[in-house]
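> Residue strings, one per chain:
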Amino acid sequence: MSNIFTKRLTKELRDLQANPPAGILIDKADDDLKLWRVVMSGAEGTLYQGEQFKLQFKFSNNYPLESPEVIFLDTVPIHPHIYSNGHICLSILYDQWSPALTISSVCLSIQSMLSSATKKERPPDNAMYIMTAKKSPKATTWAFHDDKV
Amino acid sequence: MRPPPRATEYEYVDTVNLNLLCCICYCPFIDPVSSPCGHTFCRLCASAALSSAQTCPVDRAPLSLAQLQPAARVITSMVEELQVPRGALEVHVEECGHGLVTCEVCQSAVKNKDIEAHATECPGSTVTCPDCREPILRSGFSEHASICQEATMSCPHISHGCPWEGKRRLFYSDHKSSCPFEAIKGFFILNDQKMDALTRLNMTLKSEISDLRTEIAILRDAPPVPVPAAFLPPIVEETADRMGQLLLDTDLLRGELMNINAGFSALEMRQDVALLNETARLREEMHSVRALCQAVQSQLLNFALDRRKETSSNITSSVLTSTFNALAGSSGDSGNTTGNASPPLSAKKGSAARPVVPGRSDSSTGTKL
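Line by line, the protein sequences give chains G and C.
Residue numbering for the first sequence is 1 to 149, as defined by the UniProt record's numbering.
Residue numbering for the second sequence is 1 to 369, as defined by the UniProt record's numbering.
Note that these hints are calculated values from the structure, not bench results.
Model, not experiment: these values are computed from the prediction.
Backbone N, C-alpha and C define an ideal beta-carbon position, used for all residues, glycine too.
Honestly, I wouldn't trust all of these hints.
To be verified - Label-pair ranges, simulated between beta-carbon atoms: (1) C/Gly38 - G/Lys119: 57 to 65 Å; (2) G/Arg14 - C/Ile115: 34 to 42 Å; (3) C/Ser52 - G/Lys134: 54 to 62 Å; (4) C/Ile115 - G/Asp30: 35 to 43 Å; (5) C/Thr120 - G/Val39: 51 to 59 Å; (6) G/Lys11 - C/Ala119: 19 to 27 Å; (7) C/Gly38 - G/Thr141: 43 to 51 Å; (8) C/Cys96 - G/Gly45: 33 to 41 Å; (9) G/Asn62 - C/Ala119: 18 to 26 Å; (10) C/Ala119 - G/Asp95: 28 to 36 Å; (11) C/Cys96 - G/Val39: 43 to 51 Å; (12) G/Ile92 - C/Thr128: 56 to 64 Å.
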């Protein structure tokens, strides 16, 4: 396991536990730091107020050069950019990933994406996607078109 | 050998300033580099990030490895000032790549990071000769290579054309006695000496030629040296004097010519002005004469009218006389000024009233007419 991977995730975990951002809580992180669970609360004054969601982060040895695989588990929020299998259509998780991004910044991006929703609905191609999608959302070729989020 | 430890492995005494952390590894910068967009990373982190995407990890501006510059000295200095706990220092001292260790073979002090490289060049270690398979000390290996009986060698006369190649042992036992070049060795030596001398001479001459060439080029480019007056024939001097005199004369004449020209133009101007004045005067005179003529004409007209009305011819004649008198009086000095032209005008005015004054009649003048 590469040194930068351990070092950075240890630091991130320590920082997130010490100063967690509002509505974001580390549920658990594996000993080898490769699998994290994060509990995210819907922000006040939005459609998701009072709801709680579980996010799963999976890191490859190449993190932070490679993006983590992030999906919703169990109760998946109903949102035009989140498929019912938990896959999230968010560019920074795929081709717009940058090694300067952190777990905390990814969580904040997802939270802001939830907050900006005006209507609780699934993506229009949800049924088609969940039938054909692979297990990991990173195997999907994503087309990003909504710049407002 | 263990690789030299990276500073990322250290724990720091204080919380490190966030600005000194690389945003990729979240550790204090190691060998920091900065991008043109103003972001700083560890060199290794930056090159790793750029190998997957050619953009700045922070602001996604296009970025290539070549654009990275070493970060400002102040950043490096601040990272170097960070303190590590004593325990970490002790660990580091053992591992530090710059610490000295003693080579077990040659007993010399070698830097920790160089010990692996040293093993391949330690003079105390033994190497196996590839030809005779015998272990030889590294320090004596080059000497051995030149005498090893099993080593392959070429005939020393290879430069003269001998193609022989074989083991050194065979050269002495076999080839040396049969080599045709060996027999005329003395001639070769003499020849080589002569050749060397000629080559040296050639070189010297060549360098001399090139020196001379540059000298010629310099002389050719230099401005021509003026010939000193002492070397010039006297006639030349005289001509020069005369030439100078002539030039002076020409200048003088030119000045005079210009003066004359100026005088001329002044004179011309004066003449023009005088002519203009005269013309104006004459024109005025002409005007007054013309006016007089008109007056006479109108008076004549009046007379003609009057004559029709009146029967007395005396009156007519007297008026006529007075008119002509006035005319005669004014023509003498008329034309001088406009003021002088007034008498005939007043006469004309008067003439309209005169016909009714009988006392003024004069028959004699009337007859004169």
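> All the hints need checking, so say for each whether the structure fits it.
We went through each hint and held it up to the structure:
The hinted window of 57 to 65 Å between C/Gly38 and G/Lys119 is violated, with their beta carbons roughly 40 Å apart. Hint check: G/Arg14 to C/Ile115, Cβ distance near 36 Å, so the stated range 34 to 42 Å holds. Separated by about 21 Å at the C-beta atoms, C/Ser52 and G/Lys134 break the suggested range of 54 to 62 Å. Under the hint 35 to 43 Å, the C-beta atoms of C/Ile115 and G/Asp30, about 39 Å apart, fit the expected range.
At roughly 57 Å, the beta-carbon separation of C/Thr120 and G/Val39 lies within the given 51 to 59 Å, and the hint holds. Range check, G/Lys11 to C/Ala119: about 38 Å between beta-carbon atoms, so the 19 to 27 Å window is missed. Roughly 34 Å separates the CB atoms of C/Gly38 and G/Thr141, a value that falls outside the hinted 43 to 51 Å. Between C/Cys96 and G/Gly45 the beta carbons are some 56 Å apart, a value that contradicts the proposed interval 33 to 41 Å.
Checked against the given bound of 18 to 26 Å, the beta carbons of G/Asn62 and C/Ala119, roughly 34 Å apart, lie outside it. Between C/Ala119 and G/Asp95, the C-beta spacing of about 47 Å breaks the proposed range 28 to 36 Å. For the pair C/Cys96 and G/Val39, the beta carbons lie near 45 Å from each other, so the given range of 43 to 51 Å is met. At roughly 60 Å, the beta carbons of G/Ile92 and C/Thr128 sit within the given window of 56 to 64 Å.
Figure legend: structure checked against the earlier numbered hints; hints not met, in rising order: 1, 3, 6, 7, 8, 9 and 10.
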